[in-house]
Amino acid sequence: MRYDASNAIDATGLVKRFGKTTALAGVDLAARPGRVLALLGPNGAGKTTAVRILATLLRPDGGQATVCGYDVLRDAHQVRQLVGLTGQYASVDEGLSGTNNLIMIGRLLGLSRAQARARAAELLARFELTDAAGRIVKTYSGGMRRRLDLAASLVGSPRVLFLDEPTTGLDPNGRTDVWAMIRKLVTEGVTVLLTTQYLDEADQLAHDIVVIDRGKVIATGTPDELKARTGGQLLVVAPADPARLAEAAALLEALSGAEVATDAEAGAVSVPVADKAVAPRVVRELDDRGIELAEFTLRKPSLDEVFFTLTGHRTDGDDNETRELENSR
Amino acid sequence: MTAFAEAPAIPAPARRLGLGGGLRNTFTLTWRSVLKIKTNAEDVFGLSLQPIMYLVLFTYVFGGAISGGTHKYLQFSLPGILVLSVVFATLGTGLMLNQDITTGVFDRFRSLPIARWAPLAGAVLGDMVRYIISVAVTLGFGMILGFRIETTPLAAAAGCLLLLLFAVAMCWFSALIGLLVKTPQGVQLFGFLGMFPLVFGSNLLVPSDTMPGWLQAFVKVNPITALTGAERGLLTGGPVGTFALRSLLWALGIFLVFAPLAVRVYRRKT
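Read top to bottom, the protein sequences are chains A and B.
Note that the working numbering gives residue 170 to position 170 of the first sequence, counting from 1, and the numbers run on in steps of one.
To get the working numbering, take the position in the second sequence, counting from 1, and add 1000.
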């Protein structure tokens, strides 16, 4: 357990239970000031729960957390003055126009009417929403809504920004736009905590990554460190004759020394390979035994496979489940 | 993308927010509720159409049978229909709170350094405007149909004020349901389950003398009966004192029970 006041976000041993379900089973994380920390994990891993605790929306059952040195429980009011939150479920008011949404938040943050109006116009311009400023949010597209949500979380010029799955459900263009905006914020000195299910998103944006699964931190490091840990590449082999699948699996295991995943349905076996000599050796051995191939692929692992390597199980579960549990209380 | 100027400097975080700040938050959120009424055409439409529908239906369906004439019945029933419209309009408070929770708007409010009670108080204050619309439409359309105020304008104004006070108390019940139930449909269902027996188990639309004894006993203690009695007294003449006092006491009682409960549930969600 380590406490470092120089971190923008510091959490140790966070525990949260919803009834019998343990959403967080002792999570430690730290975000350096002015950097992006990605919380990477599948649905139901506990990412949203962690963000909600850090943003003072949820009380932890155990552990402690500070934001800019302020305790999220004891000094919640101060923390709220320093953070901005963009939820997974866009939390702008659909019944108001874009401008009025931002003016409302400015007024709630204590800006005068004129200041709130000016700030709203400035943010709408920044997020390319000026043309739609007067329209009711209900008529916005998903990407526009997400941009407005991001703008709403910036009205108070937060020092720490929580982004809970900021690009889920966006098309590739929308994603790229949001990424660019996050990068811009970081150059202005904002600390960002981002949750995501996408490995490439964490790879693109984050300085540090915390991988969590089933409420536990299973890996921490920079994107490069994590990629190295997953064995670098994944080798997939599918014999032309499905009857020889087990034979191929045994061969792969013997040559790579790693655990082999068998997908009987696709008639393929896969294994992480770190050693560059393994793939050629596998080809030679397969040829020697006369096993013909339907598929032979060497590629970067997907998040699913990274998880398999790190946890020994497939990504499963459903984040909505924890949210429902939360609401049912 | 345009250049991004620094926002007005935000001072070092304050330790707490005073009452003045809380009230300012409340007024901002009241402004929001009122804006939403303006932009939500369906709501305004429903809000005005409902009383008109009640008036037309009840006056012409029941009028002849109950009072032997529509004008005579309208004089009897309009105060009751005022009560009915306003009580049903309080359901809107619960619906809006529920919508705010399910759409995540409340999460945004809770992540802001504002008074914890401001979103609830703002919703309730903003709904006053809806009740005023409801009262104005009922009274106005009633007068078109032939209703006449037989007392003084001052008494009629007191009648409207009493209605609003009662509605502000009732909407905390609605708020509690909005906070406890998961979907808007649930809010409607539980709201009506709570409100129907109150509204129709009263002398609001018909005199109670033909009802069985047990029901008469319920009608007698029903707060809606007291409120309807007071409204009749204030709009068409007759005794006011005890009815008005009982309505006020009921309003206070309902407020004292449901407001703290709603605030507690709301805090627990926090």
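Source of the hints: derived by calculation from the structure; they are not laboratory data.
Model, not experiment: these values are computed from the prediction.
Just to be clear, a hint being listed does not mean it is correct.
Think about it this way: if two alpha-carbon atoms lie no more than 25 Å apart in a straight line, the pair counts; the simulated PhoX-like pairs of lysine-lysine are [stated by the list, open to error]: (1) Lys227/A / Lys216/A; (2) Lys1036/B / Lys1182/B; (3) Lys138/A / Lys1182/B; (4) Lys20/A / Lys1036/B; (5) Lys276/A / Lys227/A; (6) Lys138/A / Lys1220/B; (7) Lys216/A / Lys184/A; (8) Lys1182/B / Lys1072/B; (9) Lys227/A / Lys300/A; (10) Lys1036/B / Lys138/A; (11) Lys20/A / Lys216/A.
Tested hints:
1. Lys227/A / Lys216/A: Since the Cα atoms of Lys227/A and Lys216/A sit roughly 19 Å apart, the hinted pair holds (cutoff 25 Å).
2. Lys1036/B / Lys1182/B: holds (22 Å)
3. Lys138/A / Lys1182/B: holds (21 Å)
4. Lys20/A / Lys1036/B: Distance of about 40 Å is beyond 25 Å: violated.
5. Lys276/A / Lys227/A: holds (15 Å)
6. Lys138/A / Lys1220/B: violated (47 Å)
7. Lys216/A / Lys184/A: Roughly 31 Å separates the two Cα atoms, so the pair is violated.
8. Lys1182/B / Lys1072/B: violated (44 Å)
9. Lys227/A / Lys300/A: holds (9 Å)
10. Lys1036/B / Lys138/A: holds (12 Å)
11. Lys20/A / Lys216/A: holds (16 Å)
Going down the numbered hints, you'll see the structure goes against 4, 6, 7 and 8, while the others check out.
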